[in-house]
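Participant: Residue numbers (numbering that gives the first Met the number 0), protein chains in the order written: chain X, 0 to 451; chain G, 0 to 339; chain P, 0 to 397.
Please keep in mind that the hints were generated in silico from the structure rather than gathered at the bench. Every residue, glycine too, gets a C-beta built ideally from N, C-alpha and C. Keep in mind that a hint or two might mislead.
What the hints assert, rightly or not - Take a look, some chain X residues computed to stay more than 10 Å from chain P by CB distance:
1) Ala5
2) Leu183
3) Leu250
Stated by the list, open to error - In silico DSSO-like cross-links for lysine-lysine, where the CA-CA straight-line distance does not exceed 30 Å:
4) P/Lys166 with X/Lys260
5) X/Lys4 with G/Lys217
6) G/Lys193 with G/Lys289
7) X/Lys115 with G/Lys112
As the list claims (entries may be wrong) - Reference excerpt, derived from the structure (chain G facing chain P, CB under 7 Å, subset only):
8) Gly71
9) Ile141
10) Gly164
11) Ala166
12) Lys168
13) Ile246
14) Ser247
15) Thr285
16) Lys289
17) Lys290
18) Glu312
19) Lys314
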Amino acid sequence: MNQYKARLFISFSMMILLLLLVGFFQSWALCLTIVNLCLISAIMALGVNIQWGYAGLFNVGIMGFAALGGMSVVLISKNSVPEALQAGGLKMFIALFILAATVAAAVYLHKKFQRKSLVILTILIGYFITRYFYSDASQSIESVNPALTGYLGGLGLPVLFSWIAGGFLAAAAAWLIGKITLGLRTDYLAIATLGISEIILAVIKNEDWMVRGVKNVTSIPRPVPYEIDLQQTAWFQDMIAKFYSKSLDILPVADQAAALKDYISEASILMVKLSYTGLFTSVLLLLIILATLALNSPWGRMIRAIRDNETAASAMGKDITKRHLQIFVIGSAIVGVAGAMLVTYDGQFTPGSYIPLRFTFLIWVMVIVGGSGNNLGSVIGGFVIWFLWIMAEPVGFWLADLSTSFLNSENFFRQHLLEHAQYIRLIFMGLVLLLVMRFSPDGILPETNKKL
Amino acid sequence: MPWFTDILNAVVLMCNFMIVPALSYGSQLALGALAVTLVYSVLRFANFAQGDTMAFATVVTILSTWVLQNSGISFGFMPTAILAMPIAVIACLAYVLLIDKFVYEYYRNQNSKPITIVMASVGVMFITGGIVRFVLGPSHQIFSDGARFIITTREFKEMTGLSEGLAIKTSQFLTVTIAIMLVGFVFYFLQKTKTGKAMRAYSDNENLALLSGIDPAKVVRVTWILVAVLTTIAGVLYGLDKGFMAISYHQLLLPTFAAVIVGGIGSPIGAIVGGFVISFSELTMTYAYKKFLIYLLPEALEPSGLVQFLSTEYKFAISFVILVIVLLLRPTGIFKGKVI
Amino acid sequence: MKKCLKIIVVLLFAMSFSVAGFAAGTVKIGILQGFTGPIESLTPPMALAAELAINEASDSGAFLGGTKIVSVRGDSTCIDASAATAAAERLINSEKVIAIVGASCSGSTTAVVNNASVPNGITTISSSATSSALTMIKDNGFFFRTAPSDARQGQVLANIVIDRGIKQVAITYTNNDYGKGLSNAFTGVYTKLGGKILMTASHEDGKADYAADVASLSASGANDLVVFGYLDQGGKGIIQASLDTGAFDRFILADGMIGPGLTDDLGKGINGSFGTMPGGESEAAQKWAKVGKASGIPLDGPFRDGSYDAAALIILAAQAGNSADRASIQKHIMDVANAPGEKIFAGELKKGLQILAKGGKIDYVGAKDIEFNEVGEIFGSYQEVEVKSAKFETIKVH
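So here's chain X without its partners, still in its complex pose (with noise of 0.2 Å):
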């Protein structure tokens, strides 16, 4: 156990003394930036791992319920579009009831009767009824201004809120998802959530109505200032101007005011990182709070009895299949909310930048990385990872321009080398991987109560 906190005490204390040298060596803005993506990568990692540390489920899905976060930044935060709602809002509506009662008959008669023929008939018209609606509804609101709406828009709120709706909306998406492939076996699930968020994505991206498809939505309302706002706000330029009143002073008067200048744009972007970095921070241990206590907790002994021994588990009378449910229910609802807060950190939604490599197998590397099983660990990862994914770029150049710096300057291998630099950044991520499993198959932070 001490040896534990001795590696937990020294890899956080690393990772903050690595970020605050990128601090000093590079810029505040930078190490800002790296430290609010590192947080959300870590919320992230956190989610999958408590789907696969805590019950053993691999979910390759984590960018569907990702982009379903990001969506409900748009549903909840943008302004509505009231010619769109006029012109196919109530066909829209009826369409989607149609949809869902259809989905809920089918399903009661599958039930109650065990008869295909009578089911398939329901869905047969069902789908008819439904898509009578949905085109003309889609087409109406996809014609209004299509170049700046052309979707119904959103509901207006202050966008804290689609973090806890982005949450929601993952966690529902995953209750039907679970529904559907929780009673398959591992690498089916693997195949099948990977398939299911490709799907996610097809219809985030075809459906424009919804969120605009990928003509992206750009633009989205902030928690926080603006840099330009807060560089015009006067209690802002006093508190930097009395900050940096000494290094001013030194300065000859006519260089003062562009000295100034300069400081407080630069403060006001610091201080709009600042803030976001507490919003992500608050949320981050919100969530480690909750995850631990819930780990902790008889319930969280029952998960991990279940993940060490279904069957030992499902002979005392637990119900496996419900608490699988459970687990990645609410580990996918913890990436959604993580998708949530990457949208607005961005500031846009890009259907276009969902892709697996990024937000499903990268998040597995951190989780893996950081040691499945443990909160902590996936923090960490989370850390290391993103740092490592921004970092490995500018040093993959650096590598080859040192390691061919004996040639001169139009060698085919040396040029070749430095075009293609860039793709080192890929080979660096998957040799950090394989390493570390080889070599520290728990992660950095092993699981600490591994054994009941």
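Using the hints provided, position chains G and P relative to the given structure of chain X.
Facilitator: Just chains G and P, lined up with the frame of chain X:
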């Protein structure tokens, strides 16, 4: 007999737009799926690095094709790449054996959970994808030469006098014939040879196989040899047909997996059938039957819409919908795959 | 295990220190492009084109009294807004670049402009972000683009198609904001002019197979296919598959599809196809072709000329203000880009720099006939091009 010509036209239309492309795409998927299924049944993990390994083998082929072309060697109407393929097979084999030695062997000896090895294959996927882009760059490369068509639509129309044409590309012809030969060979190998039987025994029951004196190292080696051959050929055929691009090879992984599962994971015949199920369903579900029906139906009944089940936007999702349905209704796939 | 951890830790530390050398008398220009990701095959030549302008100016010795310019590349990944922002911030804050050429895709460009360029006050010129939404972006005057908005091109192309007497088409577009925006713009104008669109379908780039897309497009009954895509991606795949199956033999193309890469590979099969690409005054294009060819940059493909122009504009603006200061660059971009002044074409940066050094005025025309409007966009004239004996030939300028 105008009605007869109409039917012929409809059939030719179907062949040209659906059957020929689906056959060649299906064959390409099937070879990749066969490789995935072999790895799964013998080495017991789903190989996420399959698509990128195909890209690796194709890169070697492209480089050697360029060398061959520069030294003036060609292969008549066939693409020069066919000549370069043996080199690529050897390179690919060396690569997968190296990876196996440094990555997978350790976990095999540790008796790790399948999921651990899957994660390791994700690592291999990252590295291989990086190497591929590092060597050849990410851009689109066309490396097929020789005659492009066996028959073009115009030739076909002139020959038959029909209003619809049928085109068959050399690469499509090669794809289907080579795929049939290769699949035949793999089946013969698995069913009839001693090593093949040993592989099947090992895949069925590892412990029993070990007891009966089968050398596991040899089984693993032979599996990788087969995988290297299948991977290289699948990659090269695909590249000849559609050109090489690192990212599309990476994305081939998803339909390949779908093919494997739909067919029944671990079942070689299932992999083949799965490949064709995926390719045919993508085409049949998104095809607009308007023109086809115009040929067949009397004028009064001619459709005004496109008569399309799903828009092509969802083409990509179809393989996964099928995948999910198969998993729900028959989790072991069409041909009973492995249930561990 | 210890060893491996040690190596990782050492590497991590090496990263945090990776401050690039900053030699005196040198300034840096950031080139932020999607070097990995879906348009990774388009970006390397774009970067080379920008670096061509940088080297030309740097080697001329005329820039700010002999100051050297070097380029620093950053990967915007095209799709990952956060990675793009982080890369931009690295360029701005640790590499201390004076301005940025980029980012590649409209999505990552929006993120970079909102989250990095505007707050830091750094000029950003994109050569490939064509989304019409970017016209409205609140950029405080820091964002320019050397690629005209899609809305304009869709309009020009629709008029050409109608003028040629083509009343029915099918459209396939690449499923991103470029393809969709262009498709919407085209559809709006074309239907208003009396044209009929029989089918509109998107295609995904880099996918395995386009047989299904072509099959349904051909079944729509249209004789002409409008392709809004990229010439080394799905767009070409669609044309290839159409030719192979004989589904279409005339294609209507937009800028992303036009370049020798298409005609070299597809040859006579697409004779008679036509389309639009930005660029008007043929003198500018010819001079660029000469400069580009001499440098060995593969000229087939979109956005390369614009990248050259973007870098050139930054350099000239710095010269005009006689300072590599960020704010000064932003102030002078419009001056050097627009009339009045001596016209400067691609390959004539030395001349331009010398004029500016003497306090004269220039009107940078560059490779793409640059003339910015009040929001920092080129209005862009378009060439109508047609494939004749397997080569794109300019018919006229719109």
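Participant: Does each hint hold? Answer for all of them.
Facilitator: Right, here's what the structure says about each hint:
For alanine 5 of chain X, the non-interface assignment is confirmed: its Cβ lies about 14 Å from the closest Cβ of chain P, beyond the 10 Å cut-off. The Cβ of leucine 183 of chain X sits about 25 Å from the closest Cβ of chain P, beyond the 10 Å cut-off, so the non-interface label holds. Taking the minimum C-beta to C-beta distance to chain P, about 16 Å, the non-interface status of leucine 250 of chain X holds against the 10 Å cut. Proposed proximity of lysine 166 of chain P and lysine 260 of chain X is contradicted: the alpha carbons are some 59 Å apart, above 30 Å.
Annotation: proposed proximity of lysine 4 of chain X to lysine 217 of chain G is violated, straight-line Cα distance about 45 Å (limit 30 Å). Proximity of lysine 193 of chain G to lysine 289 of chain G is assessed by CA-CA distance (about 53 Å); at most 30 Å being required, the pair is judged violated. Under the criterion of a C-alpha separation no larger than 30 Å, the hint pairing lysine 115 of chain X with lysine 112 of chain G is inconsistent with the structure, at around 39 Å. Taken as an interface hint, glycine 71 of chain G does not check out: its beta carbon lies about 22 Å from the nearest beta carbon of chain P, beyond 7 Å.
Using the Cβ-Cβ criterion of 7 Å, the hint placing isoleucine 141 of chain G at the interface with chain P is satisfied: the shortest such distance is roughly 6 Å. Checking glycine 164 of chain G against chain P: minimum C-beta separation of about 5 Å stays under 7 Å; hint holds. Checking alanine 166 of chain G against chain P by beta carbon gives a least distance of about 6 Å; that is within 7 Å, so the hint holds. The interface hint given for lysine 168 of chain G is met, as the beta carbon of that residue sits about 6 Å from the closest beta carbon of chain P, less than 7 Å.
For isoleucine 246 of chain G, the suggested interface contact is upheld, since its CB lies about 4 Å from the closest CB of chain P, less than 7 Å. A hinted interface residue such as serine 247 of chain G counts as satisfied when its beta carbon comes closer than 7 Å to some beta carbon of chain P; here the least separation is about 5 Å, so the hint holds. Given the 7 Å rule on beta carbons, the hint for threonine 285 of chain G holds: about 5 Å separates it from the nearest Cβ of chain P. A least Cβ separation of about 5 Å between lysine 289 of chain G and chain P falls short of the 7 Å threshold, and the interface hint therefore holds.
A hinted interface residue such as lysine 290 of chain G counts as satisfied when its beta carbon comes closer than 7 Å to some beta carbon of chain P; here the least separation is about 5 Å, so the hint holds. Hint on glutamate 312 of chain G holds. Least Cβ distance to chain P is approximately 5 Å, under the 7 Å limit. The restraint placing lysine 314 of chain G at the interface with chain P holds, with a minimum CB-CB distance near 5 Å, inside the 7 Å limit.
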